[in-house]
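Student: Please take these sequences and the hints and turn them into a complete structure.
Chains B and S supply the protein sequences, listed in that same order. Our numbering numbers the first residue of the first sequence as 1 and each following residue consecutively. Our numbering numbers the first residue of the second sequence as 292 and each following residue consecutively.
Any given hint might turn out to be false.
Here are some of the chain B residues that sit facing chain S, going by a computed Cβ distance under 8 Å [as the list claims (entries may be wrong)]:
1) Val38
2) Leu85
3) Arg89
4) Met108
5) Thr114
6) Leu115
7) Ile117
8) Phe271
9) Leu277
10) Leu279
Computed footprint of chain S on chain B, listed as stretches where at least three residues anywhere in the stretch have a Cβ under 8 Å from a Cβ of chain S [to be verified]:
11) 91 to 103
12) 223 to 237
From the derived model, a few chain S residues whose C-beta atoms are all more than 12 Å from chain B [what the hints assert, rightly or not]:
13) Trp322
14) Asn334
15) His335
16) Gly337
17) Leu402
18) Leu422
19) Phe456
20) Met506
21) Leu578
22) Phe606
23) Asp616
24) Trp619
25) Ser620
Hints in this document: simulated from the structure, not taken from any laboratory. Using N, Cα and C, we set each Cβ at its ideal position, and we do this for glycine too.
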Amino acid sequence: MTFGIDVVSMLLGGLAAGMVLFIVSVGLSVTMGLMGFVNLAHGGFAMLGGYVIVLTMRNWGIGFIPALALGFVVIAGVSVAFERLLYSRLYRAAELDQVLFTIGLVFMMISTVTLVIGPENQQLMLPSWLQGQLDLGIVHYRTYSIFLIVVGTAIVIGLWLGFERTRMGAQIRAAVDNRRMAESLGINIDRLFMLTFAFGSGMAAIGGGLGAEFLGLNPQYPLIYLVYFLIVVSVGGLGRVTGVFFASIIIGVLDFALKKYLPQGGTLFIFALTILLLLWRPQGLFGGKSA
Amino acid sequence: MSAPAHELGARPAVHDLVGRHRLRAWEPLPWILALAFYFAFPNHLGFGADLLVTILFALSLDLALGYAGIVTLGHAAFFGAGAYTVGLLAHHGIWSEPITSLMIAACVAALIGLASGLILLRTTGLTLLMLTLCTMALLEEAANMGEKYTGGFDGLPNLPIPPLFGLFEFNPLYPRVQYLYVLGVLFLCFLFVRTLVYSPFGQSLTGIRENVLRMHAVGAPVNWRLVTCYTISAAIAGIAGGLWAQANAYVNLGTLGLDRAATVLIILVLGGYGRLYGAFIGAVIYLALSHFLAKVYPTAWQLGLGLLLVLIALFARNGMLGLWDTLWSRFKPKRGPS
Numbered sequence: 001m002t003f004g005i006d007v008v009s010m011l012l013g014g015l016a017a018g019m020v021l022f023i024v025s026v027g028l029s030v031t032m033g034l035m036g037f038v039n040l041a042h043g044g045f046a047m048l049g050g051y052v053i054v055l056t057m058r059n060w061g062i063g064f065i066p067a068l069a070l071g072f073v074v075i076a077g078v079s080v081a082f083e084r085l086l087y088s089r090l091y092r093a094a095e096l097d098q099v100l101f102t103i104g105l106v107f108m109m110i111s112t113v114t115l116v117i118g119p120e121n122q123q124l125m126l127p128s129w130l131q132g133q134l135d136l137g138i139v140h141y142r143t144y145s146i147f148l149i150v151v152g153t154a155i156v157i158g159l160w161l162g163f164e165r166t167r168m169g170a171q172i173r174a175a176v177d178n179r180r181m182a183e184s185l186g187i188n189i190d191r192l193f194m195l196t197f198a199f200g201s202g203m204a205a206i207g208g209g210l211g212a213e214f215l216g217l218n219p220q221y222p223l224i225y226l227v228y229f230l231i232v233v234s235v236g237g238l239g240r241v242t243g244v245f246f247a248s249i250i251i252g253v254l255d256f257a258l259k260k261y262l263p264q265g266g267t268l269f270i271f272a273l274t275i276l277l278l279l280w281r282p283q284g285l286f287g288g289k290s291a
Numbered sequence: 292m293s294a295p296a297h298e299l300g301a302r303p304a305v306h307d308l309v310g311r312h313r314l315r316a317w318e319p320l321p322w323i324l325a326l327a328f329y330f331a332f333p334n335h336l337g338f339g340a341d342l343l344v345t346i347l348f349a350l351s352l353d354l355a356l357g358y359a360g361i362v363t364l365g366h367a368a369f370f371g372a373g374a375y376t377v378g379l380l381a382h383h384g385i386w387s388e389p390i391t392s393l394m395i396a397a398c399v400a401a402l403i404g405l406a407s408g409l410i411l412l413r414t415t416g417l418t419l420l421m422l423t424l425c426t427m428a429l430l431e432e433a434a435n436m437g438e439k440y441t442g443g444f445d446g447l448p449n450l451p452i453p454p455l456f457g458l459f460e461f462n463p464l465y466p467r468v469q470y471l472y473v474l475g476v477l478f479l480c481f482l483f484v485r486t487l488v489y490s491p492f493g494q495s496l497t498g499i500r501e502n503v504l505r506m507h508a509v510g511a512p513v514n515w516r517l518v519t520c521y522t523i524s525a526a527i528a529g530i531a532g533g534l535w536a537q538a539n540a541y542v543n544l545g546t547l548g549l550d551r552a553a554t555v556l557i558i559l560v561l562g563g564y565g566r567l568y569g570a571f572i573g574a575v576i577y578l579a580l581s582h583f584l585a586k587v588y589p590t591a592w593q594l595g596l597g598l599l600l601v602l603i604a605l606f607a608r609n610g611m612l613g614l615w616d617t618l619w620s621r622f623k624p625k626r627g628p629s
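Tutor: Okay, structure coming up:
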């Protein structure tokens, strides 16, 4: 019985973490799939978004949900400026230049935040209705984790519908599969990319805010979790919403379970697994035939 | 069947190949400066040794990244492997003679490079980037876990390093011996790398970097060339790591971290990759700046570094030496296309 409860609570915790991972990484997967742009600064947008959300809640006293919406809008706007002014110059550049550029961007984000706000960890103040425990019949579990799972599921379903059922989703899928062909059919890739980039960065901002409670939120955030975001994207496959979702859940649950039962070598196991998986399928678990 | 030698020599491609071997007039300059540094700044030789190790590390990356075009984010894996090899052998009293330890470190790093290169060099792009990153993270995590042997997060302090050739003591306060020792090893490794990149092997690496399809088409064993290059590069990085451990008499997890891998990439790009001396220029500029700025204004330093990277990626893709070339060719427009 206790083992059953352990398993359930482990699954719930892992699911909640996986949802956050998904919300942050999904934009990265789609933009990488669209443009083949190696954007190592994606976690930076998540961090900036987290700061916007946490600080507006603390200083202006606005609610959690409005703060999340504000974070989305602000970071989406900021990222459009970045995209138009800087990223767009490097679409056809060598991969190395993109890597350097985005690492430079991460450094600038980290140091700017450290200078303006300070190096310490920022605490997310959860509203009272998200604190405490919730009785699920079998187990009592943290309300916030349940909230994350519910919100994450809603976002996944929404994104999936948008991706599979709308015209823009079809355009994105077409462009991921074959950019040249999509361009010759008259799809405006630049505009499409700008919109997905903004949307993806906005999602990352929400993820940064939602995850601040258990991932922490400090200037080093983009570097600490960079490997995780990249693992999720490369395991899930580029430009695949469902792939990224399953990858996030797998990594989230695995990480949670391993931290509990194998606190020493948990991360080691995830890295080893990722290497093996990428050797077996370089395009990721759910990716198409060419990555 | 084959053309006479003088006819062959008249052809520009061969001419170019032969001409590139030639020692240029300014090439002894870095070594003269390095020796001058020894006499001019006897109080900064610790910093000097660090600089030379960094140059060697950047040089090893130049071979993989600059010549063969292997974009890796995990080169510190080999630096750390070398450092930990030296550290573990010395700490547990198995073997600590400096020169042979370095050779063992090179072999261990080369083995890791060969094993990982055999499988991960079949991939490209993001997958390759991820695999190199994960390999390094794997090693770092392993070093962290094997606390019993590696000292975990704290590393192995106070390594007992016996005198060089049984004569010259490594003095931590006056690191003269360390400086000359590192300089000597760097010089030997540089000679090796220089010979290598101007050899037909090096030319084929450049070919692979520039056009893989064509190299496949002319029948070059692309994958083996890449693996060989990666292994050699790993071995040199391992030597750099071993030197670092010997000169500082300790090893820690930082030798395996993403920080170090990113730093060496930045240094190489700052100087200019695929041109041997980029590693020298980049390391001197980076370390001199960080030595003075990073201690006083660490955050501003990071901001400036980030800005520099963004500017290099946007405007100066060949680093400082590339900028120099551009400026130089403005004043010397007569040179024909090479």
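Student: Check each numbered hint against the structure and report the violated ones by number, ascending.
Tutor: 2, 7, 9, 18 and 22
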